[in-house]
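Heads up: the sequence lines are chains A and B, in that order. According to the numbering used here, the residues represented by the first sequence are 287 to 466, in order. According to the numbering used here, the residues represented by the second sequence are 287 to 466, in order.
It is worth saying that the hints were derived from the structure and are not from the lab. Heads up, some of the hints might be wrong.
Copies of the same chain look alike in the list, so a pair counts if it works inside one copy or between any two.
Restricting the straight-line Cα-Cα distance to at most 25 angstroms, the calculated cross-link-like pairs of lysine-lysine (BS3-like) are [stated by the list, open to error]:
#1 K425 to K341
#2 K315 to K459
#3 K341 to K452
2 protein chains.
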Amino acid sequence: MDFETLALTRQSDRAYDRTRPVEPEKLDKILRIALTAPSACNAQPYKIIVVQDEKLINEVADCTSAKALGMNHFTKQAPVHLVIVEEPGNLTSSIGSVIKDKHFPWIDIGIVASYICLAAREEGLGTCILGWFQEERLKKALGVPKNRRILLDITLGYSTQPLREKKRKPFEKVVTTNKY
Amino acid sequence: MDFETLALTRQSDRAYDRTRPVEPEKLDKILRIALTAPSACNAQPYKIIVVQDEKLINEVADCTSAKALGMNHFTKQAPVHLVIVEEPGNLTSSIGSVIKDKHFPWIDIGIVASYICLAAREEGLGTCILGWFQEERLKKALGVPKNRRILLDITLGYSTQPLREKKRKPFEKVVTTNKY
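So here's chain A without its partners, still in its complex pose:
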């Protein structure tokens, strides 16, 4: 499908078909495409942990949901979680981050996350990007070293949610002159 259709039909899916696994070849393709994403100085400052084991998914889901708040219970349903860990950038991007006071790896992780979601959409799969979770507990569950950050968890699976209309007001975000 063309990019406009892809962008318009990609949504945050918060309900998945538990009975339908993600085909390995689709998962491979999504990851392969995602990692063509650009990054500052081509540093690709991340690793992606693919979680498919049922027991581990339950542990990840416990870290990303909050019983008390009734938040994100759908994370247990997703047959795949893609957990994005921040890794050190290369020398030039790290120097750039310090000199320019911008943490380029976080921008780069936003870019790769969007590639994952769009590549998944092309394969008929739904995704939801989660940034709110118990990070230290999740690091322990996944064996991620203490000196790393887990930035995002992306749920992946066949969505059972109907397509929603996008609630965005695009052009108020665009300034077409230099009068900010």
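Position chain B relative to chain A; hints supplied.
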């Protein structure tokens, strides 16, 4: 084109056809699609300044290139610059950023930048994402308030560069078990 082709053929273009402007309807389409990008709590914490005026492009290009280092001289050639300014998020995303010690707007800006580049590619246009520039000088040139940050400048135009092979080693970035 399908997303795989789009991702594989999108590259950082550092040479543009000065004589070929970007059609207004293409620019509108790119911005409209870009702003369907997801963001934490749907905050869309950014504004996009569209720079097309020749005098202003020269000023922007002076901020993004470095004569001494021979860096980024191509920025003068691009007929359009899309400058992404960080704006305050909404209440929930701001609380989330503080509690979880993650600056969600930077991730969100990565996502919207990738949508811009991919939408442009679909229209046959080239882009380059720049994060290294004289931010204070650029803010002054564009009338951006002092209390804002300019995160990225994206050059947009018809590229004169041939397609390059991607130098990525994707699968070393993927960890398929829980043994990090």
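Hint check results:
no.: 1; hint: K425 to K341; result: within (15 angstroms within a copy, 50 angstroms between copies)
no.: 2; hint: K315 to K459; result: between (33 angstroms within a copy, 14 angstroms between copies)
no.: 3; hint: K341 to K452; result: neither (34 angstroms within a copy, 37 angstroms between copies)
Violation of the numbered hints given earlier is confined to hint 3; every other hint is satisfied by the structure.
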